[in-house]
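Hints are included, so try docking the two chains, each in its own frame, into the full complex.
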Amino acid sequence: MNLQTSVIIRDYLRPAMLPTTWCPGCGLGIIMSSIAQAIHYQGLRKDDVAMISGIGCTGRMSGYMDFNSIHTTHGRAPAFATGLKMARPDMHVFVIMGDGDAMSIGGNHLLSAMRRNIDVTAIVVNNSIYGLTGGQTSPTTPRDSKTATARHRTFERAMELEVLARAAGAPFFARATVNHTASLTKLVERAMQISGFALIEVISNCHVLYGRMNDTPEAATMIARMDVQTWRSTPALQKRAERAVRMTAAGATPVEPEDVDGFEGMSSDQRKDRGVIIENRGSVGFSRRYHSLLEELGNDRRSGGE
Amino acid sequence: MSGIQRGVFAIRIDRNYCKACGLCTAWCPQGVIVEDADLYPVTPGIANCINCKLCERHCPDFAIEVLPPEHPDHPIHASAG
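If you read the sequences in order, they're chains R and C.
Here my numbering is used: position 129 in the first sequence is 129, and no number is missing along the way.
Here my numbering is used: position 28 in the second sequence is 1028, and no number is missing along the way.
Next up, chain C with everything else stripped away, as it sits in the complex (with noise of 0.2 Å):
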């Protein structure tokens, strides 16, 4: 009934607020978020992301965001329109 989904959920994240501190990369239980060279967080694995939002939660700079797939702005919806 209401288990974990996964592949459904997108990853939002804003170069313009995020200062690259580590804690998104950190705190992700199921290795979603990886750090790139410039140690700016990247999503490779949005396919294992179960939407526990600890990454949004202990984001001190508001620079990421998990968009569940009713959310105006998740790409299903830009491909569709």
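Next up, chain R with everything else stripped away, as it sits in the complex (with noise of 0.2 Å):
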């Protein structure tokens, strides 16, 4: 893993671009390095990339990446990397989109993408917080957050994207972080193996607008805190990921475990899996059921017109 900066910035990046317009310290330059590190590795061409983002901080990265790129509108770049990959299926798509972006305002075209098994690589940055807009409450936001739209602390529990994908059923699903650099870049080439839709959520800072009215104003700080709020899944945690899903419901009273200390006043049960959580290795992406059905469909009217 040891892929030179200025390597990545002559073939992979658009150096007319840069510097980029995120704020010092944000996370999407390491996960943009990432991408390109993952690419590299598997040997893929520029020409049979394809990254398609939203609206966001995050959809900046298909202008500094040196890839076909398409910036769609608010929350559709699913329905965008469909249409993609069912005209151009030899071309690997990445689809790249924040919190806000991926989860509320294109939920429903986040779902149809996972409940249709598009062949997509899809990465949702997660930074608790709609960045781009001045740091509004996102469906990420922890509970007891402050943001620029809740003065008085957030009341919403924080939404699940693994629950989401668990219930859509992807076929893949991954959480890293942007301290675990080494981690992302595996995740990311482990993700582009997969046939069908491989999501993998990425957890970012945002310690301009979310971390300073959240006592972590640094980012260096922040992004040195995801270490202890998160950690790495082991194999046992892989089998309870292929568990069914078991929903709590709203007014249940949590159970505290014995152990409280030693994760800066959160319990254990608090922190949040990284690395691969679902895997299913023997999924088929919609592209390529769809491209034999139509061969099929096209032997069959042959055979039926002599």
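Certain hints may be false.
As the list claims (entries may be wrong) - Chain C is faced by these chain R residues, among others (derived, beta-carbon under 10 Å):
id, residue
1, 13
2, 30
3, 178
4, 182
Stated by the list, open to error - Simulated pairs of lysine to any residue, SDA-like, Cα-Cα distance not exceeding 20 Å:
id, chain 1, residue 1, chain 2, residue 2
5, R, 186, R, 40
6, R, 186, C, 1054
7, R, 186, C, 1052
8, R, 272, R, 228
Treat the hints as calculated values from the structure; they're not laboratory data.
For glycine and all other residues, C-beta sits at the position ideal for the given N, C-alpha and C.
Laid out in structure tokens, this is it:
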């Protein structure tokens, strides 16, 4: 894992667009670097890769990376990706979305794309807030945190992308953070090998809008804290992931584990798993099924006509 | 054999791309990179660099790069030529 930065800039970015317009210390640049490395190690040609982004801070990534790129409307990146994958099944399609983009505004599109099992690699960057528009509460904002639109702390529960992916039947779901860069690159590489909708949630930082109101105004402290907020999932957890979804009732009291100390006041139960959480290697993506069906229909029609 | 090498690596920082976010100084395990008066990273302790590349991998703006001695842009080649 030692691809030089100058090689990434020369081969996979558009140097005329740099430096990025993102805030100093934003994790999106780290994710961009990881995607470039993953594509490099998988040996794909730049012309065979398409990157589709929605609106938001993440939306700019398609402009900075030197692939075939579409900057689409808010939340509709999976819909555009579906069309592109149908027209060009040979192309490897990346969809990059933010948390508000993917889960609230484009929630329906994400859900439909997962249910249809479109062959794309989707990366959802979760920074807990609507970053571009000024720090409004997003579906993934943790409970009891201050935002620009919730000065007296939010009271909604944060939404779990993992549960959504399981409910919609995505064949691959992984969670990475911008702190663990090597693991992020490996997870992107692994997601690229899946036929079907491979979803990666990348926990990123918005220290400028979210962290400043929630005691982590520094990018370094906010990224370093991800190390205690997540933990690497083990094979035992992998087994747990294969079980059916267990929904917790809204009014149920959470069971507090006994060993609460050691994680900066958060119980070990609140930590999120990191790594591959769902992996269904036998999945067959929609476009492959669709084109084989077309072939069958064509054969039938030809034999019927004769 | 493949022990930790020190003193052979160089670090190149591109001031046009750097935004002085402080991630490289926070992650450097050997104290090689420190902040100057404008909070930009400088490398006074370059002799301690062990090529872990934590700064390079955590730089969101592609501004910092660890150069191995065989890299053509490494300063030892400049002095020789």
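Going down the list of hints, with the structure as the test:
1. For the restraint placing residue 13 of chain R at the interface with chain C, the shortest Cβ-Cβ distance is roughly 7 Å, inside the 10 Å limit, so the hint holds.
2. Here the hint on residue 30 of chain R is kept, as its CB sits about 5 Å from the closest CB of chain C, short of 10 Å.
3. Hint status for residue 178 of chain R: holds, given a least beta-carbon distance of 8 Å to chain C, under 10 Å.
4. Taking 10 Å as the C-beta contact cut-off toward chain C, the hint placing residue 182 of chain R at the interface holds, the least distance being around 7 Å.
5. For the hint pairing residue 186 of chain R with residue 40 of chain R, the CA-to-CA distance comes to about 12 Å; that is within 20 Å, so the pair holds.
6. Distance check on the hinted pair: residue 186 of chain R and residue 1054 of chain C sit about 16 Å apart at the alpha-carbon level, within 20 Å; holds.
7. Between the alpha carbons of residue 186 of chain R and residue 1052 of chain C the distance comes to roughly 18 Å, so the proposed pair stays at or under 20 Å and holds.
8. As the CA atoms of residue 272 of chain R and residue 228 of chain R are separated by approximately 9 Å, the hinted pair is consistent with the 20 Å bound.
Checked against the numbered hints given earlier, this structure breaks none of them.
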